[in-house]
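With chain X held as given, fit chain Z onto it using these hints.
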Amino acid sequence: RAVESQSEGQCAPVDSLWRRYSEFELLRNYLSVTYPHIVVPPLPEKRADFVWHKLSADNMDPDFVERRRIGLENFLLRVASHPVLCQDKIFYAFLTQEGGWKEMVNETGFQLKADSRLKALNATFRVKNPDKRFTELKHYSDELQSVISHLLRVRARVADRLYGVYKVHGNYGRVFSEWSAIEKEMGDGLQSAGHHMDVYAASIDDILEEEEHYADQLKEYLFYAEALRAVCRKHELMQYDLEMAAQDLTSKKQQCEELATGTVRTFSLKGMTSKLFGQETPEQREAKIKVLEEQIQEVEEQLKSKNLEGRDFVKSAWADIERFKEQKNHDLKEALISYAVMQISMCKKGIQVWTNAKECFSKM
Amino acid sequence: AAGAPKPLPSSGPKSLREMPHPLATSSSEEMGPALTPSPDLLLPRSIADKDLSLPNGTPVDNSSPASSSSLLNRLQLDDDLDVETRDLFVIVDDPKKHVCTMETYITYRVTTKTTRAEFDLPEYSVRRRYQDFDWLRNKLEESQPTHLIPPLPEKFVVKGVVDRFSEEFVETRRKALDKFLKRITDHPVLSFNEHFNVFLTAKDLNAYKKQGMALLSKMGESVKYVTGGYKLRSRPLEFAAIGDYLDTFSLKLGTIDRIAQRIIKEQLEYLVELREYGPVYSTWGGLEVELSEPLEGVSACIGNCCTALEELSEDMTEDFLPVLREYILYAESMKNVLKKRDQVQAEYEAKLEAVALKREDRPKVPTDVEKCQDRVECFNADLKADMERWQNNKRQDFRQLLMGMADKNIQYYEKVCVT
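Going down the list, the sequences are from chains X and Z. Note that UniProt numbering has the first sequence beginning at 1, numbered continuously upward. Note that UniProt numbering has the second sequence beginning at 1, numbered continuously upward.
Don't take every hint at face value.
One side only, chain Z facing chain X, incomplete, derived with CB under 10 Å [unchecked claim]:
# : residue
1 : 103
2 : 169
3 : 263
Calculated lysine to aspartate or glutamate pairs in the EDC-like style (CA-CA distance at most 16 Å, straight line) [said to hold, decoys possible]:
# : chain 1 : residue 1 : chain 2 : residue 2
4 : X       : 138       : X       : 322
5 : X       : 184       : Z       : 388
6 : X       : 333       : Z       : 296
If you're looking for bench data, these hints aren't it; they were derived computationally from the structure. Where is the CB? At the ideal position from N, CA and C, for every residue including glycine.
Next up, chain X with everything else stripped away, as it sits in the complex:
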């Protein structure tokens, strides 16, 4: 297990302490459950994915560990810069309290609040009237995930091929050197040009390493898609709950009415049996009606509060989503710009090498 150290960058005076990846996971789970309306920043990947051949898929590989460290740092910075999340006490403790943090988290009992996956899945299928914006958002995040994965996969292949092209040029270096040995006037020129070919071949390593940062930036947003979906799911769950409660209310009211007026609107087994086997006494009916009326009141209360909850949720979730959108646009724009800058620099290096080689050749 990779162990990372991270230090407190904010106002608190202390510290640095040690945290394992699993503790980061725990923190994130806590935040997701406690703030379901927030798009919680994702963790970097647990295992190396989207690797191209030179990169090792080994979790212990120092380059991977380093990139993961940067990713975890980034995660903490995201949380710390979030207007809501940064105020969380558990988060603060994560940064400052070495011992007993795990217990502290478990004491909050957040696991109990977590919605079961089954429930959520059920809600997703059965919900009738979710907020359209959330449905759209869900589709968007599905497609975003798909397109970014595709992009990362192809990018890895592109990197692989590019690596090959550069490395083969290194062979030129060797041949030119051997050739220069038998030449008189052309010797020096060939030799120096060969050296430039070697430089060219070696340059690809740094170039591709830099590109990994770009890939990591894309990966973050790949994982963000899952966070978006989580918020959508929560909404669907709440909406479903609401719908179920409303349904419940309607059916109870109906029952009540039926009992009161004696008319049977809808078919029910009880109704039938009572018709067949004799009706109830007026006292029994009264009792039932009373119970129902109580229940109806309860459910009405519940419905009210659920409605309120639902609306609040939608409002605050949507606010955070807007915040997220802006962050995403900003970050990705920067990522693309820096990618372009990388490409330009790569080309400038290429120009430099070949111009040097050209000069060597011209002196032959």
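Leaving out everything else, chain Z in the frame of chain X:
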């Protein structure tokens, strides 16, 4: 001595290139006193008159090679010949396909412009096919065995793999054939070869071909070299060195050829991936609102890169690789000339021994042979110098090409815009 024509003109249309190859200078200096002017030397002399406008009309080769080359040096400094001093221009172009009952083939137009006396007209335009070029080369090898004849592009192509009539193939061949003729044109001796003249001028080359041995040119064909029986004890150091050089040279060029091909292959595979990469950005752009423009931009740029890369690979295949192959062929033919030279020397040594045993005066044959050997050495060095120079410039040329292309590729990259 009178019977042996000397195709060594240290005069006139000798390659007007000034640079001295160490080997050339020394040998020509050595040869200086040995070369006696031959009154039989007709053609070069007249040309020498025309070109250099010597006042008294005497052949320039009276003087030692050194002084005449210095004369030439004053006339010409650059490898790019002035239009005025050059008197023979040849161009190969306009390939056309001919479909006949028996076969289908391509002919090329060969246009000649000249002021030389050997040519009746100042301009000629004939059609020739590869066979004809091949015939010419064989004739040149026969008639000028001591010279390096430039190589031709490969004769045979694997029918299944290469399309003989594809535009690319025909164009590559045309360029090679053009170069072949230009090299002969630039050669001080070969350009005056009778067969070459006929090649450039005859309307019906086949008729001439059939005449075969009936027309013997005065230049060199009377001296035939017997390739048989004589074994050379040891090659003189300088030629052994050349032989070794050529071996290594061919080897290295072969390696470079393989590397270049590998690079092209890798580039094409890279291209395949790039072609998939670009559109993904486009798809993503379709998904986004604010980011759609930048993403589309990236996609477009990647598309540009693909195009540039494609051009790079094409140019490499069409311009770089053929030159490598040509030089490998050149090296091969040079090695053959070396072998012939060995034969000549062997014969000379054998005859010399025979003479020594008989204690006669130096008979003519060995003298001829010796002169031949001298000739070979001289030419070999001369032409090697040529070759180096050409190589030098060629390399510059196609390296510049290669880098120009890398540049182009790169400039496309520079057009990558995001916002």
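Okay, the hints, checked on the actual structure:
The criterion of a C-beta within 10 Å of any C-beta in chain X is not met by residue 103 of chain Z, whose closest approach is roughly 41 Å, and the hint is violated. About 26 Å separates the beta-carbon of residue 169 of chain Z from the nearest beta-carbon of chain X, more than 10 Å, and the hint is not met. For residue 263 of chain Z, the interface hint holds, since its Cβ comes within 10 Å of a Cβ in chain X; the closest pair sits about 5 Å apart. The straight-line distance between the Cα atoms of residue 138 of chain X and residue 322 of chain X is roughly 14 Å, inside the 16 Å bound, and the hint therefore holds.
In summary, the hint linking residue 184 of chain X to residue 388 of chain Z is supported, as the alpha carbons are separated by about 9 Å, within the 16 Å threshold. Distance check on the hinted pair: residue 333 of chain X and residue 296 of chain Z sit about 12 Å apart at the alpha-carbon level, within 16 Å; holds.
Violated hints for the displayed structure, listed by number in ascending order: 1, 2.
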